[in-house]
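Visitor: The chain contents come next:
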Amino acid sequence: MPDPSHHDRVTNTSGAVGSVGDGERKHVVIVGASLAGLRSAEALRAHGFVGRLTIVGDEGSAPYDRPPLSKQYLSGAWGEEKLWLRARGFDELNLDLQLNVRAESLDVASLALSTSTGDIAFDGLVIATGARPRRLPEPLDHGDHAVVRTKAHSDELRDKLRDGAKVVVIGAGFIGAEVAATARCRGCEVTILEAAPLPLERQLGPDMAGVCAGLHERNGVTLHTGVTIVATTAKSVTLADGRSFAADVVVVGVGVQPNIEWLQGSGLTLGNGIECDETCRAAPSIVAVGDVACWPNARYDERARVEHWTNAAEMAEHGAATLLADLNGTPEAALSYMPVPYFWSDQYATKIQFLGRVGGFDEVRVVAGAADSGKLLALYRRGDRVVGALGLSMPRHVMAYRRLLLENASWREALASVPVAKAPGA
Amino acid sequence: MKIVVDFDKCQSNALCMSAAPEVFEVRDDGYLYILQENPGEEMRAKVEEAVRLCPTQAITIE
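For the record, the sequence lines run as chains A and B.
In terms of this note's numbering, the first sequence is residues 1 to 426.
In terms of this note's numbering, the second sequence is residues 427 to 488.
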C-alpha cells in the first residue's frame, strides 16, 4: 500500500510546501467528489494537512472517472470496476466522504456552507463542483435526448447503441466525436450535426481541425457542418434547409456549463465559472479547481476555464497548496498556477493529443507524419515561441514536447527536437 | 518500490514517459514498456508524478 508519509514534497506545478502549522485544529471542506475534489483531498494530505477533511458530492455513486464514459465504458469494453477513483479506498486519507449531499449555498463572510443535509462550518473550502451538459435551447430541447456526463448517462445510452441503430449526434466537439466513434464501433449508423463550419477549430486551429474532422468520414460516419437545427423530436432532427434525420437515439454534445448557480449571492465573483486569481484563490481560504474554475494562466496571457481531465488533476494539487498557504497565515506564499494544459481524445483508432494552447497562434507546422497517414505531429508557434503540440497517434513524440512547453522553449528549439530517427509508422 | 501497470487501462498517453523516462517508454508500436520494474528510491518523486499524471490511472506503486 502506498504510504502517505512519502508524499512529503510538492511538485513544480504545485507551489509552496504546505507546513502542518496549526492544521490539526482546522476543518477543510471540499465540495465535489469527482476527480478534482478527490485530488484536492490527496494533495492536502500529501502537503501535510492533518486537520478535519470533509468531501460532499451530489452523486450517489462512489467517486468515478469520467473520460471512459464516452469511450471504453460506453462501448462495453470496460466494466465499472475500471471507473472507480481510488479503487484502493479512502481510509488512508482519513476523511468524511458524504455522498448524495448537494451544496446549496455559501456565505463567504461567515465561512458557512449549506447543504441538502445541513450546514457545515469550515476554515478552508475547495470548490470543485464541475460542470453539467448544456442542453439545446428551447424549444429544441427534449427530455429523451441523451447526454453523456455521468455513469448513469453512459449506462442508459449504451443500451441504445445496438448494432444497426440509427444515431444522430448533435455537436462534433470531443464528447460528440467520441460518442460517434463508439457508436460506430458498436455497429450503429451515425450522423453528426454540427453548427460551426468546422468542429474543434477553436481548440486546434482550422488546418488541424480539418484533419480531425476527416476522421469521421474515413470511419463511415457522416458529418454535416454549418447546420441550423429548427426542430427536434425524441427521434428526429430537422434542419433549416428542410433536411430531416430520423434516429433511434439523439445524442446532444454541445458543451458544458459550470455548476455555479448555488453560489449566487455567496460573495464570490461569478462569470465564466468562478473567477479566481492566478493562484486558484476565489476568496481568502477558498479555492476553486477543475471545470468550474476560471483563472488567468500567465503562461498564455489568457483567463480561461479548462474542461479537461489533466487540468482537474493538476489544478487540484495547486489549489491545495494555495489553500494551505492561506490557512497557515502566509497567503503571499501562494504561487501562480501556470500549467501547460493537456487533453486527449480517442476517436476510432486514432489518439488525438494536444499540449498547450492555440489561442492567437501565428503558424502551425506539420513536422512529422502526414494527415493522410493517420499519424501526425504538428507544432504551433506564437511569435518566436512554441505554444502547442498536436499528435495523432504519435504519443511518444508529442510528449517529448511537454518539457519544452513547460520551459517556454523557443520555436527554434522546438524544431530542433523534431523526431528524425524513424518515419512515423516505420 | 515496485511499479505495477494495468495494461488493460493503459492507453499509451505517454505522460508517464514525460515524467519518468528512465522508467516508462511508449514506443513507436504504441505500447508502453516498463524499463525498470523496481526503480530505486531516488526515482520516487518522478514515478509519483507519473502516477498522478496518468490519465487512465493505470500505474500503481507497491
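Mixed in with the good hints there might be a few duds.
Simulated crosslink set (EDC-like; lysine to aspartate or glutamate; CA at most 16 Å straight-line) [unchecked claim]:
1. Lys435(B) to Asp159(A)
2. Lys428(B) to Glu475(B)
3. Lys82(A) to Glu475(B)
4. Lys235(A) to Asp141(A)
5. Lys435(B) to Asp384(A)
6. Lys82(A) to Asp432(B)
Simulated from the structure, these hints should not be mistaken for laboratory data.
Visitor: Is the Cα-Cα distance between lysine 435(B) and aspartate 159(A) 16 Å or less?
Guide: violated (23 Å)
Visitor: Between lysine 428(B) and glutamate 475(B), does the CA-CA distance stay at or below 16 Å?
Guide: holds (15 Å)
Visitor: Verify the proposed pairing of lysine 435(B) with aspartate 384(A), using a straight-line Cα cut of 16 Å.
Guide: violated (38 Å)
Visitor: Would the pair lysine 82(A) and aspartate 432(B) pass a check requiring their Cα atoms to be no farther apart than 16 Å?
Guide: Roughly 10 Å between the alpha carbons, so the hint for lysine 82(A) and aspartate 432(B) holds.
Visitor: Check the hint pairing lysine 82(A) with glutamate 475(B) against an upper bound of 16 Å on the C-alpha distance.
Guide: violated (21 Å)
Visitor: Please verify whether lysine 235(A) and aspartate 141(A) have alpha carbons no more than 16 Å apart.
Guide: holds (12 Å)
When the structure is compared with the earlier hints, violations turn up for hints 1, 3, 5 and for no others.
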